[in-house]
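Here is what each chain is made of, one letter per residue.
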Amino acid sequence: MVVAERKPIEEILDMIKEFDKVLLTGCKGCVTVCNAGGEKEVGILASALKIARKKEGREIEIDEITLERQCDPEYIDQLEDPISKNNYDAVLSMACSVGPQYIAKRFDTVLVYPMLNTSFIGGSLEHGVWAEFCQACGSCAIHNFGGLCPIARCAKSLMNGPCGGSSGGKCEISPETDCVWHLIYERMSRLGQLDKLGNVVMFKDWTTSRDGGPRKIVREDLKQ
Amino acid sequence: MAAKSGNSKVGSVMVVGAGIAGIQASLDLAESGFYVHLVDASPSIGGLMPQLDKTFPTNDCSMCIVSPKLVDAGRHLNINIISNTEVDFVEGEVGNFTAHLVNHPRFIDPVKCTGCGVCKQHCPVTAVNEFNEGLDRRAATYIKYPQAVPLAYAIDRETCIGCGLCEKLCLAKAVVYAEEERRSTLEVGAIILAPGNEVFDPTAFDTYSYAHHPNVVTSLEFERILSASGPYQGHLMRPYDREEPKSVAWLQCVGSRDINHCDNGYCSAVCCMYAIKEAVIAKEHSHEPLDTAIFFMDMRTYGKDFEKYYERAREEHGVRFIRSRVHTVDPVEEGRLKIIYTDEEGKSLEEEFDMVVLSSGFQPSKRTVELAERLGIELNEHNFAETSSFEPVKTSREGIFVCGAFRDPKDIPISVMEASAAAAAAAAPLVESRFTLTKTKELPAERLVAGEEPRVGVFVCNCGINIGGYADVPAVRDYARNLPNVVHVEDNLFTCSQDTQEKIREVIKEKDINRVVVASCSPRTHEPMFQETIREAGLNKYLFEMANIRDQDTWVHQNDPQGATQKAKDLVRSAVAKAALLDPLEQTVLGLNKVALVVGGGVAGMVAALSLADQGFPVHLVEKTGELGGNALKLRKTWKGEDIGSYVKDLVARVQSHEHITLHTNTQVVANTGFVGNFDTILEKVDDPEQKTTVQHGVSIVATGGKESRPTEYLYGEDDRVLTALELDSRLKEDGNGFKNVNRAVFIQCVGSREPERPYCSKICCTHSIESALQLKELNPDMNVYILYRDIRTYGFREELYKKARAKGIIFIRYSLERKPQVSNGSGSLQVQVYDPILGRDLVIPADALVLASAVLPNEAKEVVRALKVNQNAEGFFLEAHMKLRPVDFGSDGLFLCGLAHYPKSIDEAIAQAQAAAARAATVLAKDVITLGAVKAVVEPDKCAVCLTCVRTCPFGVPYIGEDGYAVIDPAGCHGCGACVAECPGKAISLQHFTDKQLIAKTEALLLKEIGEAAAGK
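For the protein sequence lines, the chains are A and B, in the order given.
Going left to right, the first sequence walks through residues 1 to 224 as my numbering numbers them.
Going left to right, the second sequence walks through residues 10001 to 11018 as my numbering numbers them.
Fair warning: there could be bad hints in the mix.
In silico EDC-like pairs for lysine to aspartate or glutamate, Cα to Cα no more than 16 Å straight-line [what the hints assert, rightly or not]:
#1 K40(A) / E10983(B)
#2 K10869(B) / D10688(B)
#3 K40(A) / D10996(B)
Read the hints as simulated data drawn from the structure, not as lab findings.
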């Protein structure tokens, strides 16, 4: 899933300092699952902002709505009713950055602000802890690396690791960060595939990644 | 309903002594269909536990954990608490006893007394407060402590001057000054004795200066000093000058393990742990760094998690442990005390302390001994109840059972276990009379209030003068009249009194009230009672809300009547706001399978199975191997000398032939679904996974047992002369004569226990080795027998065995973890080298046999852990629901545990624990239906993001993602704690009776200041 985290409250307060009435929108997709932008977080952020503004002596009105997803235009349409009926100064989105862009596209004259920093594609390690597992390079090859991704999980995205910064299974950037090449070595040795590591992996074709510009997928069979 | 014709047995039990053991036995019996008379000489129940500050090894507040039990017992429809009463004598036999009681007067009618305390406030007498161990004073009209049950005062006529003031002031008219001693009788089917022990009084010990120096206190006095409700409000002070001590010493074995002064040769079993706990807690209470030193002979931290507690005290808290027997405590200047002691090397040393705590042991009181004599119960040489290891809760008189400290000195969890065991044993002969004397409440049909506008009735209590004396109750009442939805208000002298209850029921009907608010004391003690009252008037019990205007208002704002009145108004407004939003909730009622599943066919499993089967419940007993008996098959004798072999043989025969037991040998549990009352478990043949059976049952008991570890040191496995304790047992069993030619035998203790990688004491090995050593001595009296130990942990009466061993010439040599014995067999014979701390040199002992007391391990039982979703601790022992008060329950309802799977224990403790598990299981199985509380987490499927947050945060492992693609929370498993509700990122889960809407309305109303705003219904 897309993993995100809420921006610092100070940054958000600064963003909205001119506004008196806003619509705060959550998303029931990835950001609910990663506890960043579901209905609960929407409620908490709205309360926090109202309290902060009340303390400043300038109260703010905040309406809350949580959409099924903010990455499908049909769901964004559900904002039509509240936006047209209320004179919001801005719409705040607690989705990943797709959400505010969809809202901006749908409501051309409305100011839209992101409340989250979209961090990475990853998964949960336990309740409250998430980690990055994928960099969306567009040509997956993890089967060559014992099922682990050196692109996303090696600080240098090395294809022929490890580097000299691997020590005791940890990466030199932080003692908290596993050296994925250490893990790759261990798993491949358990799989009896160490011989495969003897091959030099040639440089990666990055055209499927961001280097080829913004990407788009078209499924002709599905497209009408 | 009592059909008392001819030979039928009486379906009630008398429990004598209402400490924690008596209370637990009563609750278990009352919950499994027997009417209980709980008799205690004291004006209130609870025994010793309410006097304790914290409890080891969890440091739970003792009062906080016992108080709910007191309330449960006090409120139970089928427990009749008979306070201020002693048993004179008992006639008859099992099934039909007549107990003759002496009811001492308390001079205050407990039914009328509301516990308001006005009598106490005006009583002119000051008397010694026994509850605080004489460290402060109380009035002659008194209650032991505020949480006491029954919550009723008593008059101490020994000190009362008869002024009559209390009688004049008592608004409830509860004082009965002319009350006299009465005699009464009870008809009961069985009797449980749980009189507990008294703390040894060290007054007679001149050498400890206890009698004439205020800064020498007993451990129980020190508990009161530490307690927040004690004489010094929890401030660590020494009695002499109320100064905070900078150093405190504990002297162990005062009144225990001593035959020179007091003749209590046994070990009191709990003092090592409570001393460590007191030292740790005292350090926490102290403002300055506090020096604590414990003077001891052997550190006996043998229970579950005790050794780790000891280690932490020493390593993290810096408690000093000094191995020595103190012989003199001398007062020196400024209230300080000089301790003169002899260390292990024989050097005499001195040290000064600000305060000395005597770790007093326990003994049966004179009154208990006299009671036992009147009842014709055999006592042992120490005046404790005589019992056998195989029937640990059975006294010498048929139908009279015993539990708790009167059987032998013991800690709280083992007392609680034994109490449940006694309940099972007492129930067995009375099975035919189950539910013949118990009472049930007949309730009118519930009125439907859905769709009605809220009509709130508000009852404001004066609580005598507890509330009315500080807050302006009429003003609060009048204020409530103008709150939204309120249709009736009144104030009462005591809203909880019988007559007010009747009035509430009437007014509910008369005014069509559909929500009730009581503003009074505390939901902790009174909410269930008021809920019952409105239910009797036809209202769903969840249509009730309470405002706590006493404990949280007038009691804490006595100096600010205006503020207290305002706060009472705020709290009432808040409660009314929530009340308007209350929904009637339906309590699910489910049928149940009155069948038990017992996993494990060792002694514990078999005893649990038989105990339930004897009560008429069908049992499936699952054993992984082909043979019943487990470890007991390898054992020879109990430490008391009873033959285990013949016991186990009988047990196996009884299990195999029992009509209610279905035996599944060579079988294991592979899967389990369902919840308490309705489980489905799949069993599989170990050697043929295709052969599966599904059993349906209401409860499960886990008794998967343990095993002896295989040592990895001291040449074990390399030299045939090196044996484990069980290997020695089996050789002795086969043919002991082989040992007649052994001239030197050495035992090494703690092999694999109390080591960093296995930081627990295996508990049974000290006793086991000594017993085996004595057996060797018997075979060959000239044999030199050595026991190399770290601490000898012969707790309780096992100390006698230790004494006997020394008298027989067995040589005990202490070693430390840092300097373990060395074993070699270079020159053909075994050589054991050990440093003797008394001689101060290494000894080399040639040995013909070396016996290793290897650690007791839990069996792995992976499949059970997986299938039943039960938890283990770091060492692999199963984790009970609460270390102290729920020692045989798992956290999930309907699951129980016993035996070595819980922790290493002797056979008598395993048997008691198995009976306890059966008693707890019977509280479920005896009933025809299971009524679930309605305060449960409920999932709104549309909002669920299947994010797993609830699955991961539930402490009981209840939520799961169902086949329909959303989280499912089984109401039968849900404890209503609300953890998932708070965490759910999609707000898909709500807690009934505590919904966001209700709580926000309650909070918003609380924060409103003007009636106008409230009335506007914001």
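> Which numbered conditions among the earlier hints are violated in the structure presented, ordered from lowest to highest?
Replying inline: Violated: hint 2 alone.
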